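*Asks:* All chains, please: the whole structure from these sequences, using the hints.
As they're listed, the protein sequences go chains A and B. Okay, so the first sequence: first residue is 1 according to our numbering, each after it adds one. Okay, so the second sequence: first residue is 1 according to our numbering, each after it adds one.
A hint or two may mislead.
Example chain A residues on the side facing chain B (calculated, C-beta under 7 Å, incomplete) [to be verified]:
| hint | residue |
| --- | --- |
| 1 | N130 |
| 2 | G237 |
| 3 | A265 |
| 4 | S266 |
Some chain B residues near chain A, calculated using beta-carbon distances under 8 Å [said to hold, decoys possible]:
| hint | residue |
| --- | --- |
| 5 | L23 |
| 6 | V89 |
| 7 | P226 |
What follows is a list of derived Cβ distance ranges for each label pair [said to hold, decoys possible]:
| hint | chain 1 | residue 1 | chain 2 | residue 2 | range |
| --- | --- | --- | --- | --- | --- |
| 8 | A | T163 | B | R197 | 56 to 62 Å |
| 9 | B | P52 | A | T74 | 45 to 51 Å |
| 10 | B | R197 | A | P64 | 20 to 26 Å |
| 11 | A | T165 | B | T62 | 49 to 55 Å |
| 12 | A | S53 | B | S250 | 49 to 55 Å |
| 13 | B | T62 | A | N113 | 48 to 54 Å |
| 14 | B | T247 | A | P78 | 36 to 42 Å |
| 15 | B | R212 | A | N109 | 35 to 41 Å |
| 16 | A | T163 | B | R174 | 58 to 64 Å |
| 17 | B | N51 | A | G240 | 18 to 24 Å |
| 18 | A | G240 | B | G272 | 40 to 46 Å |
| 19 | A | P132 | B | V204 | 36 to 42 Å |
| 20 | A | G66 | B | A230 | 19 to 25 Å |
Note that these hints are calculated values from the structure, not bench results. Given the structure is predicted, the values throughout are model-derived calculations rather than measurements. A virtual CB, placed ideally from N, CA and C, is assigned to each residue, including glycine.
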Amino acid sequence: MVQAKRAFRIRLQVLAAAAGSLTLLGAILAFAYTTFQNDVDEVPIPSRWPNASFTWVLNNPGTPPGNVDTTDGTNPLPLKTVLMNSFTSWATASLNGQPLTNLSIVNGNDVTNLPNPQIDCVNVVSFNDNDPADFPTGTASIAFTTVSTDYLRNGAPGTPGTTYTFTECNGLETITTTSPSIVYDADIVFNPNAHFSTSTPPLSDHFDLQSVAAHETGHALGLDHSGVAHAVMFPFGDTGESQQRTPSTDDLIAISFLYPSSNFASYLGAISGQVTFANIAGVFAAHVVAIDANTGNVVLDGLTNADGSYKLFAPPGSYNVLVLPLAPDDNHGIYSLSDFSGWTCGYDESAPPCCDTSASQCTDKPLANPTNYTGKFF
Amino acid sequence: MRTRLFAVFAAVLWAASASASTLVRMSLDQLAQASTEVIRGHVVSQETLWNPAHTRIYTYTTVAVDQIYKGNPASTLIVQQPGGTIGKVHVFVAGTIQFHSQAGYVLFLERSGGDPSKFLPVGMMQGAYRIYRDATTQEERLILPLGSLTRGAPASGAASTIAGPAVPVRQFQREISTALSRPLTIPPGTAIPLAIRSTQFAGVRRMDVQGRTTSDLFPNAGLVIPAGSALSGMAERVGDSWEISWTEVSIRGKQVLLSARSTAPAVGSLRGRLLVVNVR
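*Replies:* Shown next as structure tokens:
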């Protein structure tokens with residue numbers, strides 16, 4: 001990777017990318033990093049756990065779920081250990097040896113037979129959700145997480161350091177914090193019809209529990225899906241795969257963005273710019289992707305703000321920036337990655353890099369107008 | 001607590017959740033096969049409600065049915081999804097569909113097991129394709145959801161110049177028809193976990209056996225066998241064992257032949273036994 005004294009060489013800052021009509025109704029949320037955000041006086045504010053502290057419990061720890069295999073394969077781990085590992089992977093996130101995250105995650109007093117998920121200010125991990133509406137048969141959902149949030153309802157956010165008080169769960173909990181948008185309940189449920197493995201590698205016809213748990217705990221901590229396919233927060237998993245156990249750079253930056261350590265601002269730089277198209281001054285919700293200029297691998301992604309601006313925090317290096325369109329339509333309100341058609345390059349080792357295969361290096365070609373690009377995305 | 005959202009639909013859509021979280025990628029064949037209903041429709045209204053216990057929030061989207069590709073739905077149907085906003089409570093569930101007011105969709109749905117009057121998207125966001133009209137050509141096209149990343153092989157070469165995320169609706173309809181008419185086959189080597197539900201005397205040392213699959217199976221990119229699918233077979237007593245020949249599985253009402261055998265000790269009742277059936 002080319003070090004550039006934290007000054008990033010951005011070969012192209014603005015690409016033509018039509019995100020459709022900018023007729024937007026109601027509140028607008030624009031994503032920079034894929035976090036759950038609330039609209040505070042028309043300012044999108046990521047929802048964070050108050051005081052960077054999260055406590056979780058396991059439902060029915062004394063009753064091992066029948067769909068989790070903790071005995072077969074190589075070095076299978078106890079279920080609780082796997083869950084602890086998945087949470088720890090976020091709490092101890094570091095990038096290139098730099099600890100960037102200040103986040104406390106604690107396993108509290110586990111519970112028994114607590115209906116889950118429910119909004120009760122208890123963050124429960126459960127394997128016995130038998131509500132047929134949660135996991136209908138054959139519909140491919142391996143696990144999901146409900147994330148309950150609250151935010152400042154009146155007025156603009158105060159200056160940094162301002163404290164806010166929230167009362168949640170019918171008065172059960174009073175929270176004082178410096179974030180005007182908070183997460184106060186998160187529950188993770190695993191599909192009782194899916195089979196999970198705790199061995200390394202996972203059993204070939206089982207889902208890797210630690211990968212799925214890492215993804216779900218990412219949600220519980222406030223992260224939405226990522227469009228980077230090798231990221232933990234990419235929404236898809238498959239049996240026998242354990243790639244999503246370890247947070248990628250995109251994941252690490254996102255979690256550190258929510259819960260930064262003192263290193264965050266000093267170690268990372270920022271790639272910023274504005275996406276324009278023809279006579280549109282700023283394209284809202286274009287998908288901005290930072291690509292390692294040397295390897296062609298996708299490193300980070302995010303969406304542009306309402307004025308077309310974007311800002312991606314990134315470690316020192318040399319990057320190309322690719323902008324891709326989201327769905328062409330008169331979207332009303334929020335855009336998310338579900339509006340994104342996807343592309344196929346740079347995801348992982350098996351995917352081609354985001355560059356023209358005829359080029360000797362990953363330069364220039366991916367940066368052409370994507371509507372004329374003849375490379376790997378579709 | 002009840003909040004009617006449609007009056008402020010636009011302001012609420014953003015609040016209606018991000019999307020399930022970890023998903024299995026589904027092909028169009030799998031989506032079509034796993035659905036009880038495949039329709040084209042448009043959004044009429046949306047509301048978000050607490051459950052009776054006041055512990056969870058669901059968003060209900062009413063869709064007027066314009067065209068039916070599979071199933072037999074009424075002229076309107078209600079799609080249920082977890083999450084949404086009521087008052088101060090804003091629940092995100094990553095992977096749910098963000099429906100757009102009045103927008104048209106092609107939807108892959110399953111009737112809810114808990115409430116058959118409601119429908120659940122198959123594969124969460126993978127089961128919703130939003131329709132729009134191209135401003136230049138006036139052609140109807142639809143937007144492939146993020147799940148479309150796995151539809152087909154990565155494009156390459158000159159044919160891959162299509163940067164847009166959409167395909168013509170007519171083309172997609174043809175693809176759905178093809179997917180729905182494609183015969184189903186269970187690939188050899190598929191291991192099917194099941195529980196025996198019932199047995200019936202079928203002669204000396206013989207029994208008809210019925211089982212139900214116990215987990216969702218995705219044997220290949222073209223097939224999904226939902227948990228609860230019914231298998232039929234014949235058990236024959238051989239020595240101290242039951243030798244069971246499985247001959248048919250019902251996948252969403254479609255009968256599919258299979259050839260598989262399993263063995264179970266002839267001790268006690270077969271009912272309730274958990275087996276793994278290996279398809280030959």
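*Asks:* Where does the structure disagree with the numbered hints, that is, which hint numbers, in rising order?
*Replies:* 1, 3, 4, 11, 13, 17 and 18
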